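Here the protein sequences line up with chains Z and R, keeping their order.
Per our numbering, the first sequence runs over residues -14 to 367.
Per our numbering, the second sequence runs over residues -14 to 367.
Since the hints were made in silico from the structure, they are not lab data.
These numbers were taken from a predicted model, which means no experiment stands behind them.
Take the hints with a grain of salt, since some may be wrong.
In silico DMTMM-like links for lysine to aspartate or glutamate, alpha-carbon gap of 25 angstroms or less [as the list claims (entries may be wrong)]:
no., chain 1, residue 1, chain 2, residue 2
1, Z, K143, R, D74
2, Z, K213, R, E256
3, R, K213, Z, E297
4, Z, K143, Z, E168
5, R, K213, Z, D243
6, R, K282, Z, D267
7, R, K143, Z, D324
8, Z, K143, R, E65
9, R, K143, Z, E256
10, Z, K288, R, E65
11, Z, K143, R, E144
12, R, K143, Z, E117
13, R, K213, Z, E60
14, Z, K94, Z, D267
15, Z, K213, R, D267
16, Z, K282, R, D267
17, Z, K143, R, D243
18, R, K143, Z, D74
19, Z, K143, R, E142
20, R, K143, Z, D345
21, Z, K213, R, E144
22, Z, K94, Z, E297
23, R, K288, Z, D267
What follows is each chain in one-letter form.
Protein chains: 2
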Amino acid sequence: MDTASRQIAILGSTGSIGQQTLDVIRALPHRFSVIGLAAGQNSDLLAQQIAEFQPRLVSYQNNQALQHPASAEYEVLSIEDMARHPEVDTVVIATSGKAGLSPTLAAVKAGKTVCLANKEALVMAGRIVCGEAARKGARILPIDSEHSAIWQCLNGEKEQPSQLILTASGGPFRNYSPARLKEVTAEQALNHPSWQMGPKVTIDSATLMNKGLEVIEAHWLFDMPFDKIRILVHPQSIVHSMVEFADGSVKAQLSHPDMRLPIQYALSYPERWPNPQLPRLDWNRISNLDFEPPDYKTFPCLKLAIEAGTMEETYPAVLCGADEVAVELFLSGRIGFVDIARCVERTLEQHQAIANPTLDEILAADAWARDRVRQIVEGNTG
Amino acid sequence: MDTASRQIAILGSTGSIGQQTLDVIRALPHRFSVIGLAAGQNSDLLAQQIAEFQPRLVSYQNNQALQHPASAEYEVLSIEDMARHPEVDTVVIATSGKAGLSPTLAAVKAGKTVCLANKEALVMAGRIVCGEAARKGARILPIDSEHSAIWQCLNGEKEQPSQLILTASGGPFRNYSPARLKEVTAEQALNHPSWQMGPKVTIDSATLMNKGLEVIEAHWLFDMPFDKIRILVHPQSIVHSMVEFADGSVKAQLSHPDMRLPIQYALSYPERWPNPQLPRLDWNRISNLDFEPPDYKTFPCLKLAIEAGTMEETYPAVLCGADEVAVELFLSGRIGFVDIARCVERTLEQHQAIANPTLDEILAADAWARDRVRQIVEGNTG
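One chain only, chain Z, in its complex shape:
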């Protein structure tokens, strides 16, 4: 591929990852052509982005014409059509939640290079997405910092590793007691110690659900059994993950916690490009890196996610749907922080799973889980 002219579509361009992707492109303008921009909200920002990057393809709320047409002319289309558009070679999936699943599948089926920041696509439908990618020769390149770290450490290695070690910051409530955790507010939970992220991912980081989803994602991305994926809390968020190989050697990837690096690496791979805007680690300021095992008991979402991933079937879809609604209810003050895990757990317990589900069955399980959480919170069920 000619690295001087990557033809990019960014789905979710007004979100945190989307904006940082455009930051990378701004810093390295000759490397990319922005062919498409898609957003589900923040039409003002999308209009600014359109004016700046002059994309030929635009999508807003998937099927609506943009209310603020910019000066450039562009074609309005669905995110799926943008993901499979012939002029696009690289699709950045920067949407959060289950909205990422359908365009990911469209991009993969069209054989595109998919730079994936969305977790739900692989968590909910890993078998379907990876199966299509294998059939169509589409490459799925991770943008999550942990999976990017693992991918970087696997670079050049010939064999399957013996263990993946995902690091976790531990979130803002690391070392909190269960009693103290009951009292935490949405404001506290949104104040992540090391990463700037969107609200859903930030709350998932606080519950460790995010790390559980990442375990499932790693299982699919790197074809690793769940019992060979380990989690290690590392509060400084400098070691982004590690890989242990057959001979016992371990490789780790380190950097300043800044999502622009994994975004750029997915776009530059197999090259690495200098970017003066990316911060470098300052070893005069790093005196120690700390590690500790995660507290599975105080943060039950982690184990719930790993169990749902291991059971597979429609459980991961239920996990995602239930968590998404529970987080919304927490952010709007309807439930407490520890209720997020309770809602997810009860919904998983009540689920009648379907083996080898189709995409429709996965989406139906997700929808069922969302309703179920609302019912649980409204007190309609036991």
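Add chain R to chain Z, keeping to what the hints say.
Relative to chain Z, chain R alone:
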């Protein structure tokens, strides 16, 4: 190369690295044929090794017949002839000191794969050795843990890194004051906190000369300018070195401090082989990794080495020769610990360097430096 039948010669088989190389071969017997064993001392152990591994080629003190012939029949030859023998494809250079230079050059000229544990070959004659390797297509694979770490981190990367970060344990006298350092004994210096090594390397680790030699070695092995090689003290000796890339991403290699891993990796590359005898990192016991800048003032050997490497010419040979004799004099109680650096510094100052030296000129500079240190210690010079 058929990995099931590496045809190995081990030069320095009775030393620390040589014995650990044979440990690796013992654990993975079907991977290797031991074609040659060479030792400069400890003929009893060599005889045992001959009886166990039945090599076809043997060398003792380079040109003498072994005094204890074992039951097997073998050809006695010089280490240079062993290094270039047609039946050998991989030569492990496990001799310490300048004795490693001549067989390294012989192996490189014969196009062998050279697994290099000896530092002096590259430090003294890096330009000549690397030039011959490039001409003959010989590969030089590092066995030093730091260089193995860098090499592992570079695996699969397409471009030159932006920085190499060599870690250093700091040795047994880390954080010692200059006054306290004056009083340390050979026994204390031989008691390294994390690595089991031969006496010369152990003293060099205590003075940090070893790290300085490694900087020069890294310069040649990875074609990196000296100002892009950084040293970081890391007392736990778990992170063996790191590499920073153009985009600011850093990769590190970690393992239990055990030389058998870098030895095996040099022998298994590009594969990695499971070896139940190699210890794995236990993340339940690792709670923190510490880093600090080195103390160049208290440990002047580090800067002396980097300066000699940067000036090149015959200075690195003088550095090696002077250090080897100074360490001998310290071990025999003739000079104090801090006198090692003083002897090396004064010898470097008095040296009349030769630009673009031949191998003979390099060896002559080494010999001059050895004499000079003895003269300095005997008080014959100012």
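Going down the list of hints, with the structure as the test:
For the suggested pair K143(Z) and D74(R), the alpha carbons sit about 22 angstroms apart, so the restraint of at most 25 angstroms is met. Simply put, K213(Z) and E256(R) have alpha-carbon atoms about 20 angstroms apart, close enough for the 25 angstroms limit, and the pair holds. Taken as a hint, the K213(R) and E297(Z) pair is broken in the structure, with Cα atoms around 48 angstroms apart against an allowance of 25 angstroms. Taking the CA atoms of K143(Z) and E168(Z), the gap is near 49 angstroms; set against the 25 angstroms cutoff, the hint is violated.
Taken as a hint, the K213(R) and D243(Z) pair is honoured in the structure, with Cα atoms around 24 angstroms apart against an allowance of 25 angstroms. Taking the CA atoms of K282(R) and D267(Z), the gap is near 22 angstroms; set against the 25 angstroms cutoff, the hint holds. With a C-alpha separation of about 48 angstroms, the suggested pair K143(R) and D324(Z) falls outside the 25 angstroms cut-off, and the hint is violated. With a CA separation close to 34 angstroms, the supplied pair K143(Z) and E65(R) exceeds the 25 angstroms bound.
Of the supplied pair hints, the one linking K143(R) and E256(Z) holds, its CA atoms being roughly 6 angstroms apart against a limit of 25 angstroms. Annotation: proposed proximity of K288(Z) to E65(R) is violated, straight-line Cα distance about 60 angstroms (limit 25 angstroms). With a C-alpha separation of about 19 angstroms, the suggested pair K143(Z) and E144(R) falls inside the 25 angstroms cut-off, and the hint holds. Straight-line distance between C-alpha atoms of K143(R) and E117(Z) comes to about 29 angstroms, which puts the hinted pair past the 25 angstroms bound.
In summary, the hint linking K213(R) to E60(Z) is not supported, as the alpha carbons are separated by about 49 angstroms, beyond the 25 angstroms threshold. The straight-line distance between the Cα atoms of K94(Z) and D267(Z) is roughly 42 angstroms, outside the 25 angstroms bound, and the hint therefore fails. Annotation: proposed proximity of K213(Z) to D267(R) holds, straight-line Cα distance about 14 angstroms (limit 25 angstroms). Note on K282(Z) and D267(R): the hinted pairing holds, with a Cα-Cα distance of about 22 angstroms set against a maximum of 25 angstroms.
A threshold of 25 angstroms between alpha carbons decides the hint, and for K143(Z) with D243(R) the separation of about 23 angstroms falls inside it, so the pair holds. Taking the CA atoms of K143(R) and D74(Z), the gap is near 22 angstroms; set against the 25 angstroms cutoff, the hint holds. Annotation: proposed proximity of K143(Z) to E142(R) holds, straight-line Cα distance about 14 angstroms (limit 25 angstroms). A C-alpha spacing of about 42 angstroms is found between K143(R) and D345(Z), which places the hinted pair above 25 angstroms, so the restraint is violated.
With a C-alpha separation of about 31 angstroms, the suggested pair K213(Z) and E144(R) falls outside the 25 angstroms cut-off, and the hint is violated. For the given pair, K94(Z) sits about 22 angstroms from E297(Z) by alpha-carbon distance, which is consistent with the 25 angstroms threshold. Using a Cα cut-off of 25 angstroms, the hinted pair K288(R) and D267(Z) holds, with the two alpha carbons roughly 21 angstroms apart.
When each numbered hint is compared with the structure, violations occur for hints 3, 4, 7, 8, 10, 12, 13, 14, 20, 21.
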